[in-house]
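Model the full structure from these sequences, guided by the hints.
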Amino acid sequence: MPFKLSEEFKTKAAHICAKYPRKDAALLPLLQELQGAAGYVAEEAMDALAQYLELPYARVKGVVTFYTMFNRAPTGKYHLQVCRNISCHMAGAPGLLAHLRAKLDITEGETTGDGLFTLSAVECLGACGSAPVMQVNEDYFENLTAEKLDALLEDLKHGKHPLKR
Amino acid sequence: MESILLKDKVRGLEGYFAAGGYKPLKKALALKPAEIIEEVKKSGLRGRGGAGFPTGLKWSFIPKDAEGPRYLVCNADEGEPGTFKDRELILKNPHALIEGMAIAGYAIGAAHGYIYIRGEFTAEAALLETAIADARAKGFIGRNILGSGFNFELFVHRGAGAYICGEETALLESLEGFKGQPRLKPPFPAVKGLFGSPTVINNVETLAAVPAIMERGGAWYAVIGAGKSAGTKLFCVSGPVNKPGVYELPLGVPLRDLLEKSCGGLKAGKKLKAVIPGGSSTPVLTAAEALAVNLDYESLTAAGSMLGSGAVIVIDESQCMVKLLQVLARFYHHESCGQCTPCREGCGWIEKLLNRLEDGRGTVKDIDTLYSVADGMMGRTICPLADAMAMPVMSFVKKFRSEFEAHAAGRCCPSEAPGKH
Amino acid sequence: MPKLTIDGKTIEVAKGATLLEAAQQLGVYIPRYCYHPKLSVSGNCRMCMVEVKKAPKLVTACSTEAAEGMIVRTDTENVKNARRDVLEFLLINHPLDCPICDQAGECGLQDYYMEYSRAKSRFPQEEKVRRGKRRAVGPHLMLDNERCVLCTRCVRFCSEVTKTSELEVMERADHSYIDLKEGRALDNGYSLNIADICPVGAFTSRDFRFKQRVWFLKKTPTVCLGCATGCLTEVHHNENTVHRIVPRPNAETNTWLCDHGRMAYRAVQAGDRLAKGVIKNGLIDLEPALREVASRIDENHASAAVLGSPWLSVEDNAALARLAADALKTENFCFDFKAEQGIKDGILINQDPAPNTAGAALIRAGRGGLTLEEFARRVADGRIKVIVTEARAAAFIKDAVKAAGARLIVFATNKAEIPAGAYATLPYACYFETPGTFVNYQGLKRRAAPAVEAREGVKPLWAMVNKLAVYSGTSLRLDCAEDALKGIEF
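Chains as they are written, first to last, in my numbering: chain A, 6 to 170; chain B, 5 to 425; chain C, 86 to 575.
What the hints contain is simulated information worked out from the structure, not anything from laboratory work.
Computed from a predicted structure; not experimentally measured.
Positions of the beta carbon are idealized from the N, C-alpha and C atoms, including for glycine.
Incorrect hints may appear among the rest.
[Stated by the list, open to error] Simulated pairs of lysine-lysine, BS3-like, Cα-Cα distance not exceeding 27 Å: (1) A:Lys28 to B:Lys189; (2) A:Lys17 to B:Lys142; (3) B:Lys403 to A:Lys24; (4) C:Lys361 to C:Lys552; (5) A:Lys153 to B:Lys271; (6) C:Lys88 to B:Lys189; (7) B:Lys274 to B:Lys247; (8) C:Lys266 to C:Lys423; (9) B:Lys189 to C:Lys266; (10) C:Lys142 to B:Lys196; (11) C:Lys142 to B:Lys403; (12) C:Lys266 to A:Lys28; (13) A:Lys24 to B:Lys142; (14) C:Lys429 to C:Lys414; (15) B:Lys196 to A:Lys28.
[Said to hold, decoys possible] A short list of chain B residues far from chain A (calculated; beta carbon distances all over 10 Å): (16) Lys232; (17) Ala291; (18) Ile317; (19) Glu409.
As structure tokens, then:
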């Protein structure tokens with residue numbers, strides 16, 4: 006499938022590139038823009054961006070694979086990212102993950118059949134004082150319990166949390 | 005003790021302004037850059053990101069006669085497990101950071117500043133963007149600030165998920181659009197930093213302290229705290245305490261006071277076992293050591309650990325130290341940038357050894373191997389990530405060896421059988 | 086000019102020199118994987134760590150600048166431990182497949198293990214990180230990521246030398262690996278250098294793989310004849326078979342060697358190698374072929390001519406000049422080859438594809454002769470009817486030969502070289518089999534040395550010329566290549 010950068014993207018990109026003395030410095034923000042639009046960064050998108058920034062493809066691919074926030078495949082509508090680092094671990098993150106696995110019948114890295122939820126275990130989200138924490142797409146949900154999780158999932162299923170996408 | 009950084013009702017520009025905000029900037033712009041650096045030196049302010057390097061001295065390393073641009077970079081890539089102070093500071097007092105950066109930019113002769121904020125902090129990044137736009141609208145950021153002739157543009161740059169970018173040269177690489185792999189030093193960023201130009205990189209908390217120092221003087225700041233550890237520090241407490249959170253206290257406060265007075269002590273039924281005092285990379289303290297130590301750079305170094313980022317991770321008796329170390333090892337293994345051999349290979353090896361012990365497949369020999377692998381990583385890499393893995397390993401094994409041995413013997417620790425965690 | 090002490094020996098080095106370079110000057114070898122003298126310093130392998138007095142930690146010799154009064158030790162327990170530890174780290178996830186690895190015998194892991202480690206593995210085999218096994222990446226290279234030590238020499242080579250940037254380290258931590266775009270071939274004209282600089286068996290040459298264990302190879306220093314650059318090379322051969330060509334780094338021309346130059350040896354052993362003469366399209370024994378050629382020359386004595394060749398050595402061109410002057414006694418000869426000279430790709434490949442344009446000019450300076458234009462004109466207008474030349478040089482007068490129907494008698498090593506319409510072809514020994522002097526575009530005289538023996542009956546070109554002259558009734562008295570050079574400024 007041929008991938009073309011939209012005119013809208015190019016306008017935005019020009020604006021972002023202007024923040025830096027070298028336009029290749031805009032690689033991360035531009036990948037974030039592409040991911041914001043498509044939900045992930047496809048190979049074709051990397052190629053198109055490499056050409057746009059006049060960079061070797063390998064540099065773009067190296068960057069995409071280095072940083073964990075770039076998805077290389079589509080995720081569900083809601084990407085549930087449960088922190089499992091030390092403070093969240095002590096506050097019960099393993100239990101929450103197990104709860105989600107059982108409830109959604111998927112394991113980490115998988116998406117539910119209805120395309121609604123993708124489950125990931127992630128490292129420290131920097132909100133340890135309100136552990137355990139989960140990030141859903143871009144939003145943080147803190148001081149979680151199994152009950153709170155259940156309520157949140159219900160809300161999400163019914164589109165009640167207007168999460169950004 | 006009044007708060008310098010964490011104040012209420014200063015989130016918006018109006019509130020900040022009402023509390024005297026941006027007056028320090030005006031004051032600073034009337035001074036010579038060297039005078040500002042002198043004042044910051046006098047304050048005794050030290051880097052709040054973890055290393056504790058004197059801030060004024062860092063600024064003074066920018067070569068005076070260097071041609072071309074200079075840059076100021078704020079490290080808001082808060083990722084050290086246990087640390088969540090910069091997020092709180094940005095959410096509560098974003099203009100202190102922006103004003104601090106304008107002053108620092110003027111002091112070092114930078115016309116451009118970047119705030120490198122971790123990618124997950126989207127709300128915080130958006131809040132900063134708004135705050136910067138507000139400050140720009142009032143002439144505190146942009147061209148000819150307050151009629152002084154000083155130009156300072158400030159941009160927010162989001163990371164994309166890499167703990168290593170908290171290391172300042174990895175951060176610069178990332179800011180330039182590369183993988184976040186630390187650079188060889190020398191050259192140091194003050195000489196050759198962002199885009200090859202002289203650059204100062206400071207933590208959010210460090211920069212946010214600058215306006216108050218400008219306003220009330222270095223001497224005022226220097227007497228807060230404990231000797232060489234001047235000023236207040238944001239301590240982030242996580243773990244089973246009644247009131248976890250961020251507390252701004254003078255450096256030198258006893259850890260016991262932080263836990264008991266600020267955090268309301270451990271939750272009912274919980275007994276203190278250990279404390280990691282400065283973020284997950286710093287050596288663990290036993291309960292006895294923790295309750296005897298003061299929270300400042302010198303006291304913690306004397307106690308065999310470090311102040312680090314001020315992230316106090318409280319561990320109670322119900323926790324298994326082998327399991328917790330496994331959690332940390334998984335993290336460092338995940339975050340090693342892969343550049344240096346000892347870190348790239350060692351972090352994974354350590355995690356595998358801990359997996360064996362945790363699964364009940366480990367032996368006493370594995371414990372010795374664990375320690376020696378960590379020893380083989382210490383001080384042998386470009387950046388301190390290998391040390392950050394090695395220090396918890398070595399301190400956990402040294403101080404809680406019996407728990408590791410119990411695992412090797414297939415016994416319980418502290419109440420569960422291996423493999424059941 | 087800082088003065089420093091390394092292992093008790095004092096040395097003064099140029100400003101900016103690193104500890105590794107300073108040690109090298111003293112003859113102190115410091116082990117390394119990622120360091121390469123012609124690539125940027127990366128400092129990632131951590132093998133070259135040394136002790137510097139008053140430094141709190143060991144430092145990497147590759148990245149630390151020598152400073153006045155430094156006291157460096159490369160032989161302390163601390164340094165030895167660091168090397169041993171780095172080796173252990175490198176080996177835990179390595180497949181340890183030396184028996185089936187083509188790098189064996191020239192592998193940095195094997196060599197340093199024997200030198201600095203010899204420790205027993207503490208790492209269970211089943212816990213190794215599995216990475217991609219061998220796969221072809223481009224026409225020349227095989228990549229086995231499991232053997233890779235991630236030194237990034239290959240990545241830096243592609244970004245800094247060829248500037249094609251195909252390669253990159255993907256992912257991070259111990260699951261990182263070298264890769265390039267899916268479906269893209271690593272084919273930048275210099276790709277085999279990557280097999281050379283890869284310190285382990287991750288990148289190997291598809292051409293050389295499994296042909297020969299390296300310890301059986303004999304090495305002959307020689308010069309590449311792939312173009313006018315004249316890179317110094319080393320031919321690796323065994324039992325009269327050439328197996329590969331590698332560069333012989335030198336300050337004047339080359340650190341690297343292009344893929345084209347490396348593959349030049351294939352013609353030596355190719356199936357179309359000539360050992361007999363060819364008349365029109367039929368193979369014929371050498372002696373009858375020579376007799377046939379001689380009689381064709383004799384019947385057109387007044388209109389016979391000799392065209393030298395920028396692909397032939399100075400000596401062989403000189404022999405051809407003798408043929409013209411002393412046997413044919415004609416003024417119809419030419420050693421005038423003009424070609425644009427200079428590096429065309431910014432790396433090694435010359436605009437002039439012939440190795441000895443400058444060498445032929447030496448013959449012209451000593452013996453005179455026609456310009457190429459005049460020679461072609463005489464062919465075109467029929468004053469020259471028979472031309473003795475070398476196969477590839479015939480291309481210079483191709484149109485005139487065709488237009489006038491002149492007879493071409495060429496010397497060729499391989500059938501593929503024979504120009505269309507050639508009347509007769511005589512074989513000769515190539516410069517992997519016989520010595521010769523070549524003058525590169527900078528005017529440097531470089532010697533091609535024989536690595537293997539020519540097939541029975543195949544003689545050097547000067548010897549063939551000597552025989553041809555005899556068949557024409559003249560003795561040139563050429564007993565060796567140098568005999569032809571008399572009277573030539575050389």
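Hints and how they fare:
About 25 Å separates the Cα atoms of Lys28 of chain A and Lys189 of chain B, which keeps this hinted pair within 27 Å; it holds. With a C-alpha separation of about 25 Å, the suggested pair Lys17 of chain A and Lys142 of chain B falls inside the 27 Å cut-off, and the hint holds. Distance hint between Lys403 of chain B and Lys24 of chain A is unfulfilled; the C-alpha atoms sit about 49 Å from each other, more than 27 Å. Taken as a hint, the Lys361 of chain C and Lys552 of chain C pair is honoured in the structure, with Cα atoms around 14 Å apart against an allowance of 27 Å.
As the CA atoms of Lys153 of chain A and Lys271 of chain B are separated by approximately 21 Å, the hinted pair is consistent with the 27 Å bound. At most 27 Å may separate the alpha-carbon atoms for a hinted pair to count; Lys88 of chain C and Lys189 of chain B meet this at roughly 22 Å. Simply put, Lys274 of chain B and Lys247 of chain B have alpha-carbon atoms about 14 Å apart, close enough for the 27 Å limit, and the pair holds. Proposed proximity of Lys266 of chain C and Lys423 of chain C is contradicted: the alpha carbons are some 42 Å apart, above 27 Å.
As the CA atoms of Lys189 of chain B and Lys266 of chain C are separated by approximately 32 Å, the hinted pair breaks the 27 Å bound. With a C-alpha separation of about 23 Å, the suggested pair Lys142 of chain C and Lys196 of chain B falls inside the 27 Å cut-off, and the hint holds. For the proposed pair Lys142 of chain C and Lys403 of chain B, the alpha carbon gap of about 25 Å is at most 27 Å, so the pair holds. For the proposed pair Lys266 of chain C and Lys28 of chain A, the alpha carbon gap of about 22 Å is at most 27 Å, so the pair holds.
A threshold of 27 Å between alpha carbons decides the hint, and for Lys24 of chain A with Lys142 of chain B the separation of about 20 Å falls inside it, so the pair holds. With a C-alpha separation of about 40 Å, the suggested pairing of Lys429 of chain C with Lys414 of chain C is violated against the 27 Å cut-off. This hinted pair checks out: Lys196 of chain B and Lys28 of chain A have alpha carbons roughly 19 Å apart, not beyond 27 Å. With a minimum CB-CB distance of about 28 Å to chain A, Lys232 of chain B clears the 10 Å threshold, and the non-interface call stands.
Against chain A, the non-interface label of Ala291 of chain B holds: every CB pair exceeds 10 Å, the least being about 15 Å. Consistency note on Ile317 of chain B: stated as away from chain A, yet its beta-carbon is not over 10 Å from all of that chain's, at 6 Å minimum. A cut-off of 10 Å between C-beta atoms confirms that Glu409 of chain B is not in contact with chain A; the least separation is 22 Å.
Hint compliance for this structure: hints 3, 8, 9, 14, 18 are not met, and every other hint is.
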